[in-house]
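Fit chain B to the supplied structure of chain A, relying on the hints for placement.
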Amino acid sequence: MSEPDNLVERAGAGDIGAFRALYARHRGDVARLVHRMMGPAPDAEDVLQEVFFQVHKSLKDFRGQSKFTTWLHRVTVNVVLMHRRSAKSRPVLSEELPSDVSADHRSLLPDEEVDRRLRTRAFLRLLDKLGDKKRTVFVLHELEGVSPQEIAEIVGAPVLTVRTRLFYARRELEAMIAQEPALAALNVTFTKDGGHE
Amino acid sequence: MSRDETTLSAEVLDADRPSEPLRASIHDLCLTPAPELDWNRIEASLTDRIARENSSLSARARRGNVVWLSAAVALAAAACFAFFVSRRAEPPEAPLAAIALPAPAGALIALRGTGEIRVGGQTVARGGALAQGARVEAAGATGVFERAGKVRWLLEPGSAVTIARADAPLIVSLERGATEAQVVPVPSGEAFAVDVTSARGNVVRVAVHGTHLRVARSGDHVTVDLSEGVVSIGAPPKRGSTLGELVTAPAHVELDVDDVSGSLRIAHAAEAVRAAVSLDGDTPPAPQATIAALAPDPIGTSRRVNVARGSAGDATAPAASALPPLCTPQTVADVVRACQHGAPQSAGVTVTVSTTVTLRVGDDGYVQSALFNPPLAPGVQDCVAHVLYDTRKTRFESSVELSVPVEVTR
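Sequence order for the protein chains is A and B.
All the letters of the first sequence, read from the start, carry residue numbers 1 to 197 under this note's numbering.
All the letters of the second sequence, read from the start, carry residue numbers 1001 to 1410 under this note's numbering.
Derived by calculation from the structure, the hints in this document are not laboratory data.
Mixed in with the good hints, there may be bad ones.
[To be verified] Estimated spans, in silico, between C-beta atoms of each pair: (1) Ala87(A) x Asn1373(B): 19 to 27 Å; (2) Asp1256(B) x Pro42(A): 23 to 31 Å; (3) Asp1038(B) x Asp128(A): 17 to 25 Å; (4) Lys129(A) x Asp1256(B): 42 to 50 Å; (5) Asp1258(B) x Leu118(A): 41 to 49 Å; (6) Glu1053(B) x Gly131(A): 38 to 46 Å; (7) Asp115(A) x Asp1014(B): 17 to 25 Å; (8) Thr1409(B) x Val114(A): 50 to 58 Å; (9) Gly1201(B) x Gly131(A): 32 to 40 Å; (10) Thr1248(B) x Asn78(A): 28 to 36 Å; (11) Ala1010(B) x Asp29(A): 17 to 25 Å; (12) Pro181(A) x Arg1265(B): 42 to 50 Å.
[Claimed, not checked] Below are the DMTMM-like pairs computed for lysine to aspartate or glutamate, each with C-alpha atoms no more than 20 Å apart in a straight line: (13) Lys133(A) x Asp1016(B); (14) Lys60(A) x Glu45(A); (15) Lys133(A) x Glu113(A); (16) Lys133(A) x Glu174(A); (17) Lys57(A) x Glu1053(B); (18) Lys129(A) x Glu172(A); (19) Lys60(A) x Glu9(A); (20) Lys1150(B) x Asp1280(B); (21) Lys67(A) x Glu153(A); (22) Lys57(A) x Glu9(A); (23) Lys57(A) x Asp1048(B); (24) Lys60(A) x Glu1053(B).
Virtual Cβ for every residue (Gly too), placed ideally from N, Cα, C.
Only chain B is shown next, with the shape it has when bound in the complex:
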C-alpha cells in the first residue's frame, strides 16, 4: 500500500485546507470554460456506434435463435404431417395467409390530377386499401392516403413507395420522387417514417414524431422539408426509435444516403423550407392569377385549362404524360409578380416589393428548393411555391441554380 493510501487521522484531515496559491489556481481553472466541441459530430458518431451495436446485438440474437428455430421448424413439420394425415379426407381449407390479413396501412382518400394511382401494379380508386409490402406508384397523379387518426400522406406524381411496415409506426420506403405527410403526434416513439435506400444498399430513415414534412429523393440525394414538428434522421434501428440527427422545424435538410453525417446540411431559415401542401380533402388554393399571367409562357394554353387542379378525382383533365416545357428565369419573375398581384392590399396604397429567388434544380429538372431573400409575405411565398414545385407545370434545365431578382410595384 502506498503512502497515499495510508489514511490520515480525522483531525489532520479536518484541519486541511488548500493554500492560497492553490485556491487561486483552482479559481482560475473554474473560470475557464470547457473548449468548444463539435457536438453534431459527436452525436453523429455516437448514433452510428449505437446503430452498429444494435445491429450486432440483433445478429447475435438471430444466431442464437437458429437452434430454437430449427427445433420449432421440426415440431411444426411434425404437427403439419399429423394434421395432414388426420384430415386428408376433408376438403382443403383456405391457406392461412389468405385468412390472416396484414395490418392495413391506410387507404387512398383522394386523387389529384390526371393520372392514376397503382398499388401492386393495379390501378386503384378512392378507398383502395394499402397493405404491408404493397408497392404504390403515382402515375401522373397525386395520391393522398390516410391511416385514420394517425397520418395522412401524399405521393407526388411520378413517385413510388413500398409499404415497408404497416403496423405502428407506418414506414414507407421511398423508391423515387417525393412524399409529403401530416402526422398526428404520438406520446412516445415514432408515428411515421420514410426510408430511403441508396444504390449501394445503405438506408437512411426520416422518423417522425408528429409533424408536417416532405421527403424527396433524386438518386441517392435526399431532401427533407420540415414545416412543423421534429424528425430524427439516421440509420434505421433494429428496434426502438431512430437515433439520428434530431431536426426541428422549420428546416430544409439535404443529405446523401451513403454519407449521412458527412453530407448533412440543415437550414432553419423559414424561407428555405418548401411550403407545405395541404393534405385536406380539398386542394390548396390554386394560384389562378399566377397561371393566368403566364399565358405566353411555357406552361401553355392547353394546361391553363386544368390549373384548377385539384379536386380529388379530377377526371376532366387530360393525361399529363408529357413533360412540361423548360421554364426560364423570366417565368420565375412572372410567377412572383402574379402572386404578389394576387395578394390582398389596402386601397390607395402603392407597394414595391423586391426579392431574389434562388432556385436549386435537381437532375430531373424539378425544383428542389426555393429561397426568397428577403422573404415575401407567407401567402405570396406559398403561391409561388405551389407553381414552382408543381412538377406538372414547372421544369428547368437540370442541375442548375438560378438566382432571379424580382421587383414588383402595385
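In isolation and in its complexed conformation, chain A is listed as follows:
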C-alpha cells in the first residue's frame, strides 16, 4: 500500500504530525499481526510500543526500496521475535482462559461463538509450538495474506525457502490439530464430509 501525502518521507524527515498519522493508520494492522504471532500475550502493548518506537528510530533510513507496509511488517516481525527470545524463560501463552472466553462471559455468548473462541485459543496454542521461522511465514501468508515473494523480502530468505517453510508449517499444524481435543471435531467433521482426513 502506498502512503498518500508523502507521509513516510515527511515522518522520516522528523515531521511528528506525519509520524502520528502513520501510527494512527497502521496501529490496528500491527496489533493484529502481533496478536497472531504472539497469541493473547499480556505484554502485547509493550511490543506494540516497541514496534512504533523502532519505526520512529529507523524511518529516516527507510529509502523506499520496498513498500512501506513490507518494511513495517519486517520491523514488527523482528520486534516480536526479539521479544519472544528475551522472554523465553517465561510462558508466552497463559493457561488461563483469555478474558473474552472467561466463565463469566460464557453464559452471555451463543454456544457456537464460545466454541469458536475456544478453538481459536487452541489453535493459537498450536501456532506457538511452531518454530519462529515457520510460524512467521505461516502467519504472514495464511492469516495476513502476504505473498511468498513479499514474505521473502520481509524475512530475508529466498522465495523457495519461504514456500518450503510454509509447507512444513502446514504439515506440523495439521498433525497437531489431529491430536488437539478442542480441534479434533474439525477432523471428524471433514472426514465425514469427505475432506482431507
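Only chain B this time, still in chain A's reference frame:
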C-alpha cells in the same frame, strides 16, 4: 541446515494446500479481532520514550560539540584580541547585543480593565513590543497581544508569562494564571505553544497548530479549554514538533504537570468547554442584564459602574486590586436567570428552561470549569460563562465543586 531449510521442488510446493481442518482453524482465527488495547496508554508511553530519546540524542550532540565549541571559543578569543589591538585607538562601538535585536514576539494591542501590563517590570502602553526572554505580567488588567497574521493572545488579570521563544513558533512559559489564544493555522509544525513548568522542574507543552484555546494553571495543575482546532500536549521536544496527546476541539483537558499521562483527563462535551473569549479589539458583549440583575449580590454597586468592561484602554474604571467578595450558589442561579432573560425569544411564548450548573473552583477561588446539564442555548452559556469566569467579579470559596439547579420561566 535443518530439514525445513532444504527447499522442496516447485512441483511439490505448487500442489501444496492446507487441509480442510487447517483451513477451518485459519478461518476461525481470521474472524477473531485483535484484543482491545489501551491505545492512549501506548501512545503516552511511546511519546515519553521518543521524548527521552530526543533528549538523549541532544545531550550526546552537545557533548560532541564541546570540542568544536572549545576550538571556536579559542579562535574567537584570538580574533577579538587581534581586533582589539588593531582598533584600540578608535572610539568604542555599541555592543553587538544592542545592535542585533531579538526577533519581535508581538506587541500589546489592547488593554482591558483597570490595571496595567508590565513587561520586564515596566508598565507598557498599547503598541509596547515583546521580545524573547521578556516577562509579561497582567496586573489587574487583561492584555491582548498580537503577532500580526500569526497569533493573538491575551493574558488574564493576575497572570504572568515569559516569552520563551520569539521566533516561530512563539512559545510562552506560563508562570501563573491563564492565557487564551487565537492562532492562525500553519501548514506544518506548530504556530504557538504554552509551556508550564512544575515546582519540580517538569515541563508540559501545549502546542498549537491553529486553534482557539485557553491554558490556565493553578499550582502544577493545568486546565486547557479548546474551543477550536487541535493541540498536542506533551513534553517539549528538543527539536521538531511536540509529540504528545493530540486533542481535538471541543475539549476540556485537565492534567498535572508532574504526571501528565497518569493525570490527563479529557472531556469532549461542548458544555464542558469554557466559552472562548473574543480576542478582537472590541470586547465581547458584556452581560449587562446579568450584572444589573445582581444588584444585591456580592459584585456590589461600585463594580456595577464598570461592567461595561472592556474597551481597550478603559482608564475610567477604578483600580481592581481588591478581591471580589465570595459568591454563593444563589449568585450562580441569578446569573443564569439574568442571561436567560436577556436571550431573544418570540413574543407571546412562555419558555421554561431547567439546567444544573456544576462549577469546579480552584484553590484560588476562581472558576476552573462550568458544566451545564442539560446545555443551555450557546448565547446564554456564553453570557453565564463571561460572568462566572471573570476573576474581577466572581470568586468562590476555594477548591469546591458546586452543583446548582436552576429553572427559569419567562
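Checklist entry - Of the hints given before, which are not true for this structure? => result Hints 1, 6, 7, 9, 11, 14, 15 are the ones this structure does not satisfy, whereas the remaining hints hold.
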